[in-house]
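These protein sequence lines are chains A and B, in that order. Residue numbering for the first sequence follows this note's numbering, starting at 1 and increasing by one per position. Residue numbering for the second sequence follows this note's numbering, starting at 141 and increasing by one per position.
I should point out that these hints are in silico values taken from the structure, not numbers from a laboratory. Think of the CB as a built atom: it goes at the ideal place given N, C-alpha and C, for glycine as much as any other residue. Watch out, some of these pointers could steer you wrong.
[Claimed, not checked] Looking from chain B toward chain A, a few residues come up when the C-beta cut is under 7 Å (computed):
(1) F149
(2) Q151
(3) C192
(4) A195
(5) I216
(6) V219
(7) S220
(8) G221
(9) G222
In case you want the letters, here they are:
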Amino acid sequence: MHQCGIIDGPLPATLLTPAALCAPAHGAIASFIGVVRNHHNGRGVTHLIYDCYRPMAEKLLADLALEAATKFDPELHATIHHGIGRMDPGQPSVVIHVASAHRVAAFDACRHLIERIKEDLPVWKQEFYDDGTSLWLKGS
Amino acid sequence: MPEVTVLYFAQARDRLGCDRDRVTLPTSADANAVLSAVRLRHPNNAALIDRCRVAVDCQFIDGPVAISDHSEIALIPPVSGG
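In isolation and in its complexed conformation, chain A is listed as follows (with noise of 0.2 Å):
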């Protein structure tokens, strides 16, 4: 079934295939990868920090994967997580795959997931510059 979570530091390779993921009846997988980008805004991006307030993002990343589920297809898998703490261009920050019997529901529900955690999911972006300063960013 569903699994999400916070890990520290950047995602693991064996988070990034969607294994195990699929039941007999799934005939396609919708992924989607987050990764730090080394530009923002015109500015040099040298690292990311990110902050976490762990119990809750780990309760609502599980509340989503259900909510994906209600919205598109009750029988979808997904799992979902984020990393937290230092990360460097290039690396990982969020993974989410979805199985489904058919795609449209795979991708509607993967799109879906992405965007609530960028609404809702209570993660924060710090963004080190390579003039070395940096900003908390607002939304994203």
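With the hints as your guide, set chain B onto chain A.
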């Protein structure tokens, strides 16, 4: 009236200079009541505080909810995960 801990994160923690405060709230409080209590502690950061949402026991709240000494309250600045 219950005395509770309010947790601060990210830019709120940096600007308020601490990661939590103890505040007294009524037994039924909405988000505005929580934000008002935090504003009293940090009057120079009212604009930042007013941009935050409030969570009680890991759930966003807007309208009134029951508050006890064991409630965990958090100020949630605009999120930027993903």
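Evaluated hints:
no.	hint	verdict
1	F149	holds, 5 Å
2	Q151	holds, 4 Å
3	C192	violated, 11 Å
4	A195	holds, 6 Å
5	I216	holds, 5 Å
6	V219	holds, 6 Å
7	S220	holds, 4 Å
8	G221	holds, 3 Å
9	G222	holds, 5 Å
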